[in-house]
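A.B. asks: What follows is the residue order along each chain.
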Amino acid sequence: DGGITQSPKYLFRKEGQNVTLSCEQNLNHDAMYWYRQDPGQGLRLIYYSQIVNDFQKGDIAEGYSVSREKKESFPLTVTSAQKNPTAFYLCASSISRGRHNEQFFGPGTRLTVL
Amino acid sequence: KNEVEQSPQNLTAQEGEFITINCSYSVGISALHWLQQHPGGGIVSLFMLSSGKKKHGRLIATINIQEKHSSLHITASHPRDSAVYICAVRANFGNEKLTFGTGTRLTIIP
Numbered sequence: 001d002g003g004i005t006q007s008p009k010y011l012f013r014k015e016g017q018n019v020t021l022s023c024e025q026n027l028n029h030d031a032m033y034w035y036r037q038d039p040g041q042g043l044r045l046i047y048y049s050q051i052v053n054d055f056q057k058g059d060i061a062e063g064y065s066v067s068r069e070k071k072e073s074f075p076l077t078v079t080s081a082q083k084n085p086t087a088f089y090l091c092a093s094s095i096s097r098g099r100h101n102e103q104f105f106g107p108g109t110r111l112t113v114l
Numbered sequence: 115k116n117e118v119e120q121s122p123q124n125l126t127a128q129e130g131e132f133i134t135i136n137c138s139y140s141v142g143i144s145a146l147h148w149l150q151q152h153p154g155g156g157i158v159s160l161f162m163l164s165s166g167k168k169k170h171g172r173l174i175a176t177i178n179i180q181e182k183h184s185s186l187h188i189t190a191s192h193p194r195d196s197a198v199y200i201c202a203v204r205a206n207f208g209n210e211k212l213t214f215g216t217g218t219r220l221t222i223i224p
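Sequence order for the protein chains is A and B.
For the first sequence, position 82 (counting from the first letter as 1) is numbered 82 according to the numbering used here, and the numbering increases by one without interruption.
So the numbering used here is basically just the index in the second sequence, starting at one, shifted up by 114.
Hints may be right or wrong, so weigh each one.
[Unchecked claim] Covered by chain A, per the in silico footprint, the following chain B stretches (three or more residues, Cβ under 8 angstroms):
| # | stretch |
| --- | --- |
| 1 | 148-156 |
| 2 | 169-175 |
| 3 | 212-220 |
[Stated by the list, open to error] Computed list of lysine-lysine pairs in DSS-like fashion (alpha-carbon distance at most 30 angstroms, straight line):
| # | chain 1 | residue 1 | chain 2 | residue 2 |
| --- | --- | --- | --- | --- |
| 4 | A | Lys71 | B | Lys167 |
| 5 | B | Lys167 | A | Lys70 |
| 6 | A | Lys83 | A | Lys9 |
| 7 | B | Lys182 | A | Lys57 |
| 8 | B | Lys167 | B | Lys211 |
| 9 | B | Lys211 | A | Lys57 |
| 10 | A | Lys57 | A | Lys9 |
| 11 | A | Lys71 | A | Lys57 |
| 12 | A | Lys70 | A | Lys83 |
| 13 | A | Lys70 | A | Lys9 |
| 14 | B | Lys168 | B | Lys211 |
| 15 | A | Lys57 | A | Lys70 |
| 16 | B | Lys182 | B | Lys168 |
| 17 | A | Lys83 | B | Lys211 |
| 18 | A | Lys57 | A | Lys83 |
| 19 | A | Lys14 | A | Lys83 |
| 20 | B | Lys169 | B | Lys211 |
| 21 | B | Lys167 | A | Lys9 |
Just so you know, these hints were derived from the structure itself, not from any lab.
Since we're looking at a predicted model, the values are computed, not measured.
Idealized CB from N, CA, C, for every residue including glycine.
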């Protein structure tokens, strides 16, 4: 089955530690995205990548970093510089970043910083 | 004012009722998406539309580009339809990013 996997589903970290969230897709999609979801707010774009070895900042990139070394993988690192990292993180992908392309979402990772 | 507004924020209905969730937006768009988020958090794309109407099973999505408004309807609602329904729009200018509404939490009571 094709799809997007995110791991782990729940993640706990101490304040001040960096943490990396995994996102893998086997849909052969070029574009991948990371969103953050907070209670009472719409999803907000952190970073996106249109192609391997390329990525762009979204609306709330501060305190986050990404890499895109392989087409199927787009890991997100939440650094200690992120002031309020506790949130639900969703990864998505699409065939390309064209305006008519549907995005497919992963199951999400809930990060809690203690 | 948010670019994407959904109403109502919360909706509780009896099984079998006809459900309508509304989405209004303020920018010119190339497409509008309706998404479903279940309690576990995963999101499923229901519809992507740029004009008219689409139907899939008991779900119907309509859009009026002139009025900048879309509706999601559920016929013969069932408890398994309980979820958060999210509207997202893709602007037709700039970097074409998706802008998301805050969602409508639907609860269907047996």
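A.B. asks: Each of the hints needs a verdict: does it hold here or not?
C.D. replies: We went through each hint and held it up to the structure:
With 4 residues carrying a beta carbon less than 8 angstroms from a beta carbon of chain A, the stretch 148-156 of chain B meets the three-residue requirement, and the given coverage holds. Under the rule that three or more residues need a Cβ within less than 8 angstroms of chain A, the assignment of the stretch 169-175 of chain B is violated, with 0 such residues. Check on the stretch 212-220 of chain B: 6 of its residues sit with their Cβ under 8 angstroms from a Cβ of chain A, so the three-residue criterion for coverage holds. Of the supplied pair hints, the one linking Lys71 (chain A) and Lys167 (chain B) is violated, its CA atoms being roughly 34 angstroms apart against a limit of 30 angstroms.
Taking the CA atoms of Lys167 (chain B) and Lys70 (chain A), the gap is about 38 angstroms. The hint is violated against a cut of 30 angstroms. Distance check on the hinted pair: Lys83 (chain A) and Lys9 (chain A) sit about 22 angstroms apart at the alpha-carbon level, within 30 angstroms; holds. Our distance criterion of 30 angstroms between C-alpha atoms is met by Lys182 (chain B) and Lys57 (chain A), whose separation comes to about 28 angstroms. For the proposed pair Lys167 (chain B) and Lys211 (chain B), the alpha carbon gap of about 23 angstroms is at most 30 angstroms, so the pair holds.
For the given pair, Lys211 (chain B) sits about 12 angstroms from Lys57 (chain A) by alpha-carbon distance, which is consistent with the 30 angstroms threshold. Distance hint between Lys57 (chain A) and Lys9 (chain A) is fulfilled; the C-alpha atoms sit about 24 angstroms from each other, no more than 30 angstroms. Only pairs whose Cα atoms come within 30 angstroms are accepted, and Lys71 (chain A) paired with Lys57 (chain A) is accepted, the gap being roughly 18 angstroms. The hinted pair formed by Lys70 (chain A) and Lys83 (chain A) meets the criterion: a straight-line CA distance of about 29 angstroms does not exceed 30 angstroms.
The hinted pair formed by Lys70 (chain A) and Lys9 (chain A) meets the criterion: a straight-line CA distance of about 22 angstroms does not exceed 30 angstroms. At most 30 angstroms may separate the alpha-carbon atoms for a hinted pair to count; Lys168 (chain B) and Lys211 (chain B) meet this at roughly 23 angstroms. With a C-alpha separation of about 18 angstroms, the suggested pairing of Lys57 (chain A) with Lys70 (chain A) holds against the 30 angstroms cut-off. At roughly 17 angstroms between alpha-carbon atoms, Lys182 (chain B) and Lys168 (chain B) fall within 30 angstroms of each other, so this suggested pair holds.
At most 30 angstroms may separate the alpha-carbon atoms for a hinted pair to count; Lys83 (chain A) and Lys211 (chain B) meet this at roughly 24 angstroms. Under the criterion of a C-alpha separation no larger than 30 angstroms, the hint pairing Lys57 (chain A) with Lys83 (chain A) is consistent with the structure, at around 17 angstroms. As the CA atoms of Lys14 (chain A) and Lys83 (chain A) are separated by approximately 13 angstroms, the hinted pair is consistent with the 30 angstroms bound. With a CA separation close to 25 angstroms, the supplied pair Lys169 (chain B) and Lys211 (chain B) stays within the 30 angstroms bound.
This hinted pair does not check out: Lys167 (chain B) and Lys9 (chain A) have alpha carbons roughly 35 angstroms apart, beyond 30 angstroms.
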